[in-house]
Structures are given as C-alpha cells and as structure tokens.
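K.L.:
Once you have looked at the hints, place chain B on chain A.
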Amino acid sequence: MPLFKPEKMVRVEIDFPRRYIYEVTKTIAELGYFQPENISGIDIRKDPLEDIDLVEIGTKIAGLKADLTASLARLEIPIPDKVVGKLEVIENPDVIINKLKSIRDQVQKLSVDTDEIRRKIEEKQGTLALLEPFKDLQYDLSALRNRRYLYSILGIMPTSRIERFKQSLSQIPFVLIEEPQSDKKSQVLLLGPRNQRDFMILTARSAYVEALDIPDDVKGSLPEVIKMYEQEVDKLKAELVVLEQQKTDLRTTKTGLLEHWYSQVQYSSKLYDIISYYGHLRHSFLVAGWVPANKQNDFLKILDGIGPDVLETVEQENELDQNAIPPVAIKLPRQLRGFNKLVTTYSTPWYKEIDPTILVTITFPLLFGAMFGDLGQGAVLALAGLLLSSRKVKLLRKLANFGWVLTACGVVSMIFGALYGSVFGFEEVFHPVWLSPLNDIMRLLITTLAGGAILLSLADILSIINAIIRKDWVNMIFSGKGIAGLLLYWALIGLVLSMVLPSFAFPRIVLIILIIVCILMMMSAEFIDHLVHEKRPLFKGGFLLYFITAFFELFEIFISLLSNSLSYVRVGAFAVAHAGLSQVVMILAEMVSPVHGASYWIVIVLGNLFIIGFEGMIVSIQTLRLEYYEFFSKFFRGGGVRYQPLNLSEK
Amino acid sequence: MAGASTYGVVNVKVRSAKAELLSSADFLKLTSCYDIKAIALHLQETIYDKYLTGIDPQTITSQELIRKIRLRIPEKFIVIHNNLQNHNQAFIDLIFSWYELINLKTVLRGIHSSSSWENVQPLLFPLGRFESLPFEMMVASGSIEEAILLLKNTKYYATLMAARYRFLEEESLFPIEVLLDLEYWQKVWLEIDNLPVVDQKTVRPIISRIIERNDLLWAARYRYFFQLNESEIINYTLGIGTKVNDSIIRHIAHGKNLGDLICEIYPNLVEKVPTSVGEGEQLSLWEVELTRHIARLCQSAFLAQPFSLGPSLAYLLLLEYEIQDLVLLIEAKTIDVTRTNYQPYLINQGQN
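So the sequences go chain by chain: A and B. Taking our numbering, the leading residue of the first sequence gets 1, the next gets one more, and so forth. Taking our numbering, the leading residue of the second sequence gets 652, the next gets one more, and so forth.
No lab work stands behind these hints, which were simulated from the structure alone. Idealized CB from N, CA, C, for every residue including glycine. Keep in mind that a hint or two might mislead.
Quick partial rundown of chain B residues pointing at chain A, CB under 10 Å, derived from the structure [as the list claims (entries may be wrong)]:
hint : residue
1    : S792
2    : S794
3    : Y816
4    : S882
5    : I885
6    : L889
7    : V928
8    : G931
Just the calculated beta-carbon pair ranges, DEER-fashion [unchecked claim]:
hint : chain 1 : residue 1 : chain 2 : residue 2 : range
9    : A       : S457      : B       : I753      : 54 to 64 Å
10   : A       : E76       : B       : R760      : 39 to 49 Å
11   : B       : V660      : A       : I52       : 31 to 41 Å
12   : B       : G779      : A       : K471      : 26 to 36 Å
13   : A       : S633      : B       : G779      : 43 to 53 Å
14   : B       : P847      : A       : G41       : 51 to 61 Å
15   : A       : T313      : B       : D700      : 50 to 60 Å
16   : B       : D700      : A       : R337      : 32 to 42 Å
17   : B       : V978      : A       : S276      : 50 to 60 Å
18   : A       : K82       : B       : P847      : 46 to 56 Å
19   : A       : S633      : B       : R760      : 27 to 37 Å
20   : A       : E88       : B       : V660      : 52 to 62 Å
This is chain A alone, in the form it adopts within the complex (with noise of 0.2 Å):
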C-alpha cells in the first residue's frame, strides 16, 4: 500500500574513529537519503576539550564566510548560485583566511578610497554649488572671512534645523542667508559680531552646521576659487577612474578564485553543521539517522568502504525504542500533492498510521462537488485549476500543485450539477439526472445524512487499522473510536431506523442489547487497559471517581456521534443555498433585462463570476472544516516528522 503507508525506515547508528570524521560526514551528506538525529547530548568523553578543534574550525568557516560575503559584495560580485570548482571540505580555514586577508585588505582599502575621494568631490561640488550664485562678483573671499567686526561661517546644514538655529541664535545679532540645495540640505551664511565668534561657532555646531573646508589661505575673487575648485574635482575624477579601474582588475583576476572560496565555504560549513549533531563515545564518534529500508545495504556497503574502524549497527522498525520516532516519506504523484498539502496543513502523519492523502483526494472533491454542483461553474473551476497546474501562467506557478485539487473538484461539480440539472445557475435547460436542490429538499438533505454516516463509519474502520497498525488491541476492540464505538453507532442507527421505518426489519432487542454492550465495553476500556498492561491502580481515583469519568466520557462519545452525523446536513444545504444563490442571479437579470438584452447576460456572467469566487471560497472552507473536523479527528493522530534526508547537492 505505498500511497497509503510511509516508506519503511530503519535506524543507522555510525560508531568511527576522529580520522574518518570528514569522509564519513561527506558520504552520508552527499548520498541524499540519510536523515540524521542530533544526538549531540551523548559525550562520555574523558576530556570534553578532546575535539574542541572541530568547533574552532566551525566558527572560523562562519566567521570567513562573513568576509567573503563582505568581500564579494565590495567587488558587487553576486553570491554564486552554483557551486564553483571542485567541492572539498575545509579542515584548515586559517590557509584560506590568510590568503583571503590581503585580497580583504586590498578591497577594503580599495572601497575607503574610493568612498573617501567620493566624498571629497561631493564636498567641492557641494563648495562649488554654494559659491555658484555669486561667481559673478569679483570680490576676495578672504575679505568676507578677515573682517575686524564681523564674523562669518559658510556652510551646509539639514534643512530641517534652519527655524530651530534662528532661534538658537536669537541672543545675539545675526544674519543669516539661506539657500535650498535640496530638500534635506541647505547652503547658509551667517554673519554676526566678530566678539561673538565661540559662540557662533558652538551653536552652528549645534545646529549641525558643516562648515566649509575652505582653507585661510585660499586667496582670490570668487571666479578664481571656483576655477580653482572645479580643477580639484576633476583631478580627483581622474583618482577615482583609476581607483575603479583598479577595483575592475581586482574583479577581473578574483573573482573565480573567490567564488570558490565561497562555496568551498558553504559547503564546509554545512558539514561541520552536520558534525555538531555527533554524539561522543569515549574514543569514537557515534552518528545516528535514518534511512529507507530498501537503501540500507547500499548505505552500509559504502560506509564499509570507508574504513575497517566504520562499525555500522542497524535497528529495524520492530526493534526500535519506544520513543524512537521515524520520519516519514510517502512518494505521491504531482497530482496527488495538493491533496497531501491540505494533510500535512492539519498535520504530518504519524509514521505508524494510514496517510489520508488518498482518502482526502476522493472526499474532499465529493463534498465540495456535492455542495457546488453546476456543470458551467465546475467546468470553469477545472479549466482553471488544468491552467494552474500546467504552470504556463508564471505569476501563479507556486500554486500548481493545488491546480489539481481545484480541477478535481471541478469535474465533481459538473457530474453533480448533471444530477442537479443545473449549468451556469440555469436550472430549466436540461432535466436533473437525480434531483433538483431546491424541489427536493428533504431527499437531498436525508442522503447527505446518509452519505456522513458513511464517512464517518470510514473514519472509524480507519480508526481500528490504525490501532491494529500500533498493535493497540484494547483500544481497536473497546474504545469509542475502535470495534466498540463503531458497532454502537451501527446499532444507534439501526435503532433509528426501525422506529421511522416500518419496513426495517431488523429486530430491535438485538440492537439494544448490542448497544448496552457496546456502552459496558466502553465504560471498561481504561480498566482493560489497566489489566492487559499490569498498570495499578487499576481504577484511577477509585471506582466511583472511575465511574464518573467513564459515564461523562461516554456521554460526550454520544454527544458527538450526534453532532458529527448532523454535521454533513450542511453538505445539503449548501447544495440548496448554491441553487438558491443561482435563481437570485436569475431574477436580477431578469429585473435588468426583461427582454434578455446584453444587460441580462452581463448580469449572469457577473453573478456566475460571484458564485464561483465567492460561494467557491466558502464551500472550500466547509469542506475542509468537514475533512478536519468530522473526519480526520476521528483517526488521524498526526504529529510525524517529515522525512528531510541531508542533500548536499542542493543550493
């Protein structure tokens, strides 16, 4: 039964000496099937410091891939998405941190630099646009700076702080001339006493007043100063050309070699990850994990390979520990893996249980077929979920797999809307094949009834393999979701059936007494428990407290069969609100319309577009609260762990 069983799993634990740590680690790593355990916990080393390099070395790898990082993007060379050179693990970074030392340096020098002489051209420019108004006046800078009585500060200061600098200076008398360089940024000049100069000088400091770096003794008028600025700028240009030129040669020479680096690197430090799940036997290192049972004498023939001291034991699924957990992998066609999506959203299954994939790909189409039969609209929705999951329509490609959940439910819909008669809300265009919603409403509604008690007697045969699968035999015979609970609610229908059905014949004494002893099976589950497996006390609390708790328990196991059996009456009467939905579409048209004008059909194909969307969208929602909630929590105890084997080949 492979759609419905996980892969078989066996357990593999790796005992090895510290000179085969590399080659074992890269071998279970790039094999692509082993799936280790972090068992880093066992350490009954003598010396606990004994490997402390192997953590060393790690943190060196995480600290160089922080600098090649650094690097690469200094050079605005991009991470390499594939692996570059041949793949070997790093046992020694400080050769690879050495070399890369001076190619940092030479970077990091190389980027100060040219961030430096960058920073120096947006000053002159800066210089140069705030002397721009005035290159006209044929008037000595150093005049306007050496006055005997006034003291001036030519700057550049955030936009935001001029009102707040006025205000600062309102002490003293002052001008100042302002300038918008930006929105940010503003050119000012301000002019007060000379006396006043420190404070002057504090409170534009405050105020976060760049002064310009124009040296004292820069003399001349101001077209001469900007002449002699615009010659700066443009020897520095030419610092920068061959600052950047030298980064392109840099670029040009490392790059391969850093790219190997890199995923040298990423490589490595994915294994000394790996090596930090090891546990620590005395002398040896001790690896466990999991492989599919079919892989197990390839796995251990390689790791024979390796060396005489690679000793390898094997626990098969009856031998394993109590709390061993297995992962699970469950191979399911592409078509299937929207439907194990909408499982594993619930929760991934349990390695020793039923995968409801396949279940779930049956029902959950029949319900929401049921809920949303119209041979138009479900037309529609499989056109649409073919497109999804021919993934031609690149923006919804992450939603491929879900396009075959969507056409599934689709071509349900139209065999229901065929037993509806219904197509594009159109009841009268062909005759039902089994009933219309609206006229037979009771009919409708007794076999959705019928159709959940199916589900849910499903739910409960799959409840009893499921514990025949655990071996769980006091819960598959006695309790409410095993043989016990399952023949109650047979005879609990039974009995129904015989007091509304004259022509039922089944005797009713047989079924009471079935039911009295279903119930006394029930109430004895825990006790039987208790005996089988030697656990004491064996009423809990006593016998009363025992009593109690077994009545209410059983009481709510009565409660819910009720509630859980009405619970699929919605299946009907979503069928009937659908075609209710669908006739007020119609008597909008026709209000629209009355002679069937383009306003009525724009009427339909609107209101068919809301049904779809908007109906749509709710009948998911209820089938799925049917799957989790009706059906799943009846056998489906999930809590796996997905089966995620190390792949070293991946990005």
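P.N.:
Quick look at chain B alone, frame taken from chain A:
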C-alpha cells in the same frame, strides 16, 4: 458615517486588543514572582502564551524572554496597518519605524564598541516583516562610516550624513543619535498635517505630549549631564509641542527646577515626584510621571471620537508601555532588585 465604514473594523480590533492588555491583577502576580522563571510561567497563563510557545521557563534567559514578549508589538502593528486605509497606513508605519530607529541606534552603538553580530542581534527589537535595514552587514563592516554608506538608499542616509562630520571629529555617537531623534519626531509632527482632519484632532494631542515630554527631559538632561548652554539646548530640542515652547526650554537651560516647570504646564502632576531626592533621580521619576500622563491620555482616547486614528495610536502606545513595564520587571528580577526599588518606575501596572 464615512468614518464608521473607514474605521469600523480597525476600531473593533483595537478595542478587543485593548481588552487583552494585562490587568492590574496580572501585574500584581508578576511583581510577586520570585524570579524570571516564575514570570515566564505566569506570562504563559496570559495572552503572551502564544509568543512563548516552545520555551522552557526553567532555562530561558531574560534576553530571550524580552525578545519573545516584544513579538507582540509587530504583530499588533500589522493587524492595525492592514485594517487602515492608505493615508493612515503611512502614518502608522512611521510610528512603527520608531523601533527601526531604536535598532539602528543599537547597531551603531554595537559597531562603535566593536561588538560582533552575535552580541548585537539579541538586543534588536523584532520588526517582523518591517525588517528592512542591512543590520548584519553594517555590523560586519566594522566602521560607522562604512555602515552609513550601506544605508545609502534609505531615509536615514541624509540625516546620518549630516551628522557624520561631527562623529568623525568628536568620535561620539551623541550627535548622530540626537539628530536621528530630532528628525524622526519632527517628521511625525509634520505628517500629522497630511492626515484627515478627524485624525489630526485625535492624534495631535498624543504626539504633542510625547514631543513635550521629550523636549522637557532632553533639555534637563543636556543641562544636568552635559552642561550644554542655552543655544545648544535649543538646537537639540524641537519646541513644537502645544504646551512646551522655547521660553520653557530656555528656563530649563538657565537652571530652573524641572518639577516646578512641569507642574506649571500640567497642574494635575503637582507633587507627583518628591523634591527630596537628587536631581538625577528626579529626572528619571519625572520621565515615568510624564509617560503615565501620556498613558492616561491614551486611555481617554478610547472615550473620544471612536472613528478616527486616535484609538489605534493610543492602543499601540499602551501596548508599548505594557511591554516596557514587563521588561523592567524581568530585568529587575534578573538582577534581584527589590520591589520598593523598581515599583516607582513601572508605568501602567495594569490597564484593566
């Protein structure tokens, strides 16, 4: 009733979220906890349980616990953001970017003290999907100048560049941090004008109180701890709140008692802080008092215009103050501070 349709959903969500704020009884229990294990266990019985799933109260550190409980803030911000219209979303995002600014300052401090990313990261506020600045790369760069260059295409770049020359000259982060704060609050104040009138009416009083509190405390601290003069203090404050103007800031700069000035501005705060304690401690106590004053204003925002941005902003501030109290409690329990010593610094002590 345009407001009702615009704010109906967010109003319901904010009011239900407000009902989830910790009660006085919760705070009483938390203050009675012996250590942070007990605090973690008690928090697991409150709304904070969902943020603490998977933790082991026996081994959790104060840093981890603080980070976990802070997860509630971005979550609530997203809920409110998603239920607001575009113009209000921008404002609420600006309010949330305060946490980004706190992180930015933390990262800059980390770089300045040569800390590693491993040491800086746990101190950062969890921003959830609003995480946008390259903090790890900034720390890896190892220098404030390079870190600033990494922010080239962000809204912080111009501010940082404007303060950069002072950092280079003074080798102190003070000018950078001050300018970041000033620019942020000035921006928030100006953005209020872009809100619909009904929102301006409810949001402006709250933001004004925050800016006034900042101005009062900043001015007093600059005088007391840094001995700055009047003009510097004017430049390092905003003076844009409705009740704290430049004349008050100048009084503080000239050494007038902060408590006397606060009582003149807000008469209902008279005698809230004892004058017998030292000036430094008075400052801390006034900070708490002024924050409580804002918290009370936030509470009253729920009684005023319901269909406006006011209740959303008020709730987010109340949540922030609750988390501040929890952080204070956790830190106090971690280093064994007695209840009498930390109690005066708790802001809310329960909303409900």
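K.L.:
When the hints from earlier in the document are held up against this structure, which numbers fail?
P.N.:
Hints 7, 8, 10, 11, 12, 13, 15, 17 and 19 are the ones this structure does not satisfy, whereas the remaining hints hold.
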